[in-house]
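K.L.:
Numbers 39 to 250, taken from our numbering, label the letters of the sequence shown in order.
Bear in mind the hints are in silico, worked out from the structure with no lab data behind them.
Some hints here could point you the wrong way.
Said to hold, decoys possible - No more than 25 Å apart at the CA atoms, straight line, and that leaves these computed lysine-lysine pairs for PhoX-like:
1) LYS169 <-> LYS182
2) LYS182 <-> LYS82
3) LYS96 <-> LYS118
4) LYS181 <-> LYS163
5) LYS230 <-> LYS118
6) LYS96 <-> LYS182
7) LYS82 <-> LYS118
8) LYS228 <-> LYS96
9) LYS167 <-> LYS96
10) LYS181 <-> LYS169
11) LYS230 <-> LYS96
12) LYS182 <-> LYS163
To be verified - Simulated restraints, written as ranges between beta carbons of each label pair:
13) GLU159 <-> GLY186: 29 to 35 Å
14) VAL248 <-> ALA227: 32 to 38 Å
15) GLY185 <-> SER219: 43 to 49 Å
16) GLY185 <-> GLY225: 30 to 36 Å
In this text, all values refer to a predicted model and were calculated from it rather than measured experimentally.
Backbone N, C-alpha and C define an ideal beta-carbon position, used for all residues, glycine too.
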Amino acid sequence: MVVVLELVLDFPGSNYFPVVGSRSNVVTGEMVEELILSGADIIKVGIGPGSVCTTRIKTGVGYPQLSAVIECADSAHGLKGHIISDGGCSCPGDVAKAFGAGADFVMLGGMFAGHDQCAGEVLEKNGKKVKLFYGMSSDTAMKKHIGGVAEYRASEGRTVEVPYRGDVETTILDILGGLRSTCTYVGAAKLKELSRRATFIRVTQQHSQVFF
């Protein structure tokens, strides 16, 4: 993280033109504050929550995503910074919770996997169409982008086959529809109000399992 801080401090944007800088992934309010005070505009929050991420298994490092977003958003907004919730969403309701927890932006990987707009070819396995989906710290990603996994580190992601899902528009409309409905339920006139209207409680089961 020291290297990241040095990169932020050396970032030349202010000398030339306005630049929005996003740096690293963190999960604590203290690190968010340090990065913003060093010049970062937006902080990505999340270590290990992704659907094809194995960081928590390989390293033992991580933090519950909802708690991380709540704590990091509070720190960032106090310094007029922003956060991106990175990972952990598997349905539109999870996206709504991330915004409700204080995220300014939400990154999605698994929810968009398998669509036409994703990289990779459509494959046919056992009569079903699939596409490959892999984490950015996986063996597949590192072989593709940097020539392989360095000897001093381990792969921290999976490569999986996901069902082919066609055009991404249907999925995006489903997410947007869910967010609009969330706002009506909690009384938020716009997305920015969601974090002020949301209250979180711990539950053992969120929805009926009768027909699931």
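K.L.:
Give a verdict on every hint.
P.N.:
Status of the hints after comparison with the structure:
no.: 1; hint: LYS169 <-> LYS182; in the structure: 16 Å, holds
no.: 2; hint: LYS182 <-> LYS82; in the structure: 23 Å, holds
no.: 3; hint: LYS96 <-> LYS118; in the structure: 34 Å, violated
no.: 4; hint: LYS181 <-> LYS163; in the structure: 23 Å, holds
no.: 5; hint: LYS230 <-> LYS118; in the structure: 14 Å, holds
no.: 6; hint: LYS96 <-> LYS182; in the structure: 21 Å, holds
no.: 7; hint: LYS82 <-> LYS118; in the structure: 15 Å, holds
no.: 8; hint: LYS228 <-> LYS96; in the structure: 40 Å, violated
no.: 9; hint: LYS167 <-> LYS96; in the structure: 31 Å, violated
no.: 10; hint: LYS181 <-> LYS169; in the structure: 18 Å, holds
no.: 11; hint: LYS230 <-> LYS96; in the structure: 36 Å, violated
no.: 12; hint: LYS182 <-> LYS163; in the structure: 23 Å, holds
no.: 13; hint: GLU159 <-> GLY186: 29 to 35 Å; in the structure: 22 Å, violated
no.: 14; hint: VAL248 <-> ALA227: 32 to 38 Å; in the structure: 34 Å, holds
no.: 15; hint: GLY185 <-> SER219: 43 to 49 Å; in the structure: 46 Å, holds
no.: 16; hint: GLY185 <-> GLY225: 30 to 36 Å; in the structure: 52 Å, violated
The earlier numbered hints that this structure contradicts are 3, 8, 9, 11, 13 and 16.
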